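Each chain is listed here by its residues.
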Amino acid sequence: MAYDDLRSFLETLDKQGQLLHIGEELSPEPDLAAAANAAGRIGDGAPALYFDNVRGFTDARIAMNVHGSWRNHALALGLPAATSVKDQVEEFARRWDAFPVAPERREDAPWRGNSLTGTDVDLFAVLPLFRLNDGDGGFYLDKAAVVSRDPEDPDNFGKQNVGTYRIQVIGRDRLAFQPVPMHDVAQHLRKAEERDEDLPIAITLGNDPVMSIVAGMPMAYDRSEYEMAGALRGAPAPIATAPHTGFDVPWGSEVVIEGVIEGRKRQLEGPFGEFTGHYSGGRRMPVIRVERISYRDDPVFESLYLGMPWTEVDYLVGPNTCVPLLKQLRAEFPEVRAVNAMYTHGLAVIISTAKRYGGFAKAVGLRALTTPHGLGYVSQVIVVDEDVDPFDLPQVMWAMSAKVNPADDVVVIPNLSVVELAPAASPAGITSKMLTDATTPVAPDNRGNFSTPAKDLPETEEWVGRLKSLLAAR
Amino acid sequence: MICPRCAHDTIETVTASPVPGVWDVLQCHRCLYMWRTTEPERRTRRAAYPPEFRLTQSDIDTAHETPAIPPLLTH
Ligand SMILES: [Zn+2]
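Same order as they appear, the protein sequences are chains A and B. Read left to right, the first sequence gives residues 1 to 474 (UniProt numbering). Read left to right, the second sequence gives residues 1 to 75 (UniProt numbering).
What the hints contain is simulated information worked out from the structure, not anything from laboratory work. All figures in this text were calculated on a predicted structure; none of them were measured in a lab. Don't take every hint at face value.
Computed list of lysine to aspartate or glutamate pairs in EDC-like fashion (alpha-carbon distance at most 20 Å, straight line) [to be verified]:
id, chain 1, residue 1, chain 2, residue 2
1, A, Lys327, A, Glu227
2, A, Lys86, A, Glu461
3, A, Lys265, B, Asp61
4, A, Lys191, B, Asp61
5, A, Lys86, A, Glu386
6, A, Lys265, B, Glu65
7, A, Lys362, A, Glu335
8, A, Lys265, B, Asp24
Partial selection, computed: residues in chain A whose CB lies under 7 Å from chain B [to be verified]:
id, residue
9, Gly23
10, Glu25
11, Phe57
12, Gly135
13, Gly138
14, Ile170
15, Arg174
16, Arg190
17, Glu193
18, Ala235
19, Pro236
20, Glu262
21, Ser280
22, Gly282
23, Arg283
24, Arg284
Heads up, the beta-carbon is just placed ideally off N, CA and C, and yes, glycines get one too.
Work the whole structure out from these sequences, hints included.
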């Protein structure tokens with residue numbers, strides 16, 4: 001089941017008991033953020049939160065934590081709510097192979113119904129904005145799918161980028177914008193600024209649940225996020241032409257904000273509590289001038305709380321970070337079984353692989369560092385055997401404790417690249433990276449005393465099934 | 001009224017609550033800090049504002065520019 005907009009997904013969440021409507025009056029601060037923060041602290045299966053009675057507002061509808069549990073993430077992909085994490089990642093990887101699926105253009109987008117232009121543009125008139133964390137410099141848009149084009153190749157559909165970036169509201173028609181240097185929009189901006197031009201931009205808010213997943217996915221520069229959304233949805237992604245920029249934007253967005261990043265200009269931005277569990281900011285960042293806001297009747301404002309992990313962002317970008325790394329590693333090393341890159345967008349990664357010969361596991365781990373995502377993340381890699389589930393952290397810790405001889409199996413490489421946001425980097429953007437080989441050495445790497453492993457009994461798998469059905473039949 | 005974050009005294013009202021008189025959103029002219037008047041004191045009062053998030057004129061003047069503005073193409 002593919003959802004064409006946020007509203008239809010919220011209906012499904014509600015029917016599945018995964019949406020909590022909070023109708024009692026509450027304060028915009030600190031209640032909205034604290035409630036969403038708390039959703040990440042009540043254990044597995046947390047619901048999405050929906051607020052429509054916020055003090056001082058007459059017409060606010062706010063959705064948070066929409067992707068904020070494995071149950072909600074499964075439903076976003078149209079899977080049964082109880083699907084395991086490993087199975088969700090495997091299904092994600094299977095659908096990925098259908099890429100590219102051409103989008104479907106539908107020009108009857110509901111956000112065409114209302115718009116503000118010129119001097120009427122006022123973000124506060126459309127969005128019930130609020131602060132997330134104490135030290136944040138202001139109110140943020142942190143779950144938008146942002147569309148930009150390559151100024152050197154504006155008609156190339158594949159190079160049109162859709163990504164999620166942090167965006168601070170710094171005025172009724174002004175936004176501060178953080179393009180991570182490794183990301184596509186930073187390349188678009190550099191090309192525009194070299195030509196002394198502004199960079200047109202479209203910011204779409206409140207999207208269908210797969211669009212939000214794809215916007216946070218590390219993809220190659222010339223690959224279209226809409227064609228990937230189609231593959232993951234199992235149906236073409238519906239798109240429409242944004243009226244001011246002419247860019248392709250999701251048909252179902254609640255709000256479409258259009259304008260330009262003003263060329264060769266920077267203003268103070270942040271701080272903002274980030275997915276690293278730390279604030280970053282106090283830097284001079286590019287600025288957006290908003291020129292048009294289009295929105296649906298009764299728009300729903302979707303926001304995401306992030307802070308000390310785990311929060312919604314970890315569910316949102318966890319699987320979509322695992323799959324590109326898995327695909328890129330498997331392309332050269334088919335022995336790779338699974339990749340768990342769910343920690344801080346892949347700053348730490350666990351890879352399960354079979355071994356071709358002695359030393360092979362270290363080669364696989366080192367290769368992860370040089371993948372496109374690895375250049376900005378992957379500062380710690382743990383490689384485990386093919387029979388260790390990298391999503392099962394007790395098993396991974398067993399491999400770490402039993403298989404690792406630190407002097408031979410831990411490799412530290414100094415002064416590699418990493419996102420500036422990485423809190424341990426020094427200086428910002430530079431870090432050492434560590435590979436831990438927690439696999440069993442194979443010939444000719446004849447180290448250790450591993451010749452007699454105690455494996456699960458051959459009959460155990462059958463007994464797993466028997467125990468499960470006996471339990472279910474009680 | 002001074003900015004809770006940088007103590008600057010030029011403060012602008014950005015917007016007011018749709019229900020009249022419940023809150024205003026204010027902004028500091030110098031550091032762009034934006035806050036709602038009904039937020040907790042730790043976000044709205046200079047005396048209660050956490051030291052680790054305070055800014056000085058020198059912090060603002062020396063803020064790192066990112067991404068760096070590239071040189072103009074010459075041809
Ligand atoms: Zn200030």
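Now the hints, each set against the structure:
{"no.": "1", "hint": "A:Lys327 / A:Glu227", "result": "holds, 17 Å"}
{"no.": "2", "hint": "A:Lys86 / A:Glu461", "result": "holds, 17 Å"}
{"no.": "3", "hint": "A:Lys265 / B:Asp61", "result": "holds, 15 Å"}
{"no.": "4", "hint": "A:Lys191 / B:Asp61", "result": "violated, 27 Å"}
{"no.": "5", "hint": "A:Lys86 / A:Glu386", "result": "holds, 14 Å"}
{"no.": "6", "hint": "A:Lys265 / B:Glu65", "result": "holds, 10 Å"}
{"no.": "7", "hint": "A:Lys362 / A:Glu335", "result": "holds, 13 Å"}
{"no.": "8", "hint": "A:Lys265 / B:Asp24", "result": "violated, 29 Å"}
{"no.": "9", "hint": "Gly23", "result": "violated, 17 Å"}
{"no.": "10", "hint": "Glu25", "result": "violated, 11 Å"}
{"no.": "11", "hint": "Phe57", "result": "holds, 6 Å"}
{"no.": "12", "hint": "Gly135", "result": "holds, 4 Å"}
{"no.": "13", "hint": "Gly138", "result": "holds, 4 Å"}
{"no.": "14", "hint": "Ile170", "result": "holds, 5 Å"}
{"no.": "15", "hint": "Arg174", "result": "violated, 9 Å"}
{"no.": "16", "hint": "Arg190", "result": "holds, 5 Å"}
{"no.": "17", "hint": "Glu193", "result": "holds, 5 Å"}
{"no.": "18", "hint": "Ala235", "result": "violated, 37 Å"}
{"no.": "19", "hint": "Pro236", "result": "violated, 34 Å"}
{"no.": "20", "hint": "Glu262", "result": "violated, 11 Å"}
{"no.": "21", "hint": "Ser280", "result": "violated, 10 Å"}
{"no.": "22", "hint": "Gly282", "result": "holds, 6 Å"}
{"no.": "23", "hint": "Arg283", "result": "holds, 5 Å"}
{"no.": "24", "hint": "Arg284", "result": "holds, 4 Å"}
Violated hints for the displayed structure, listed by number in ascending order: 4, 8, 9, 10, 15, 18, 19, 20 and 21.
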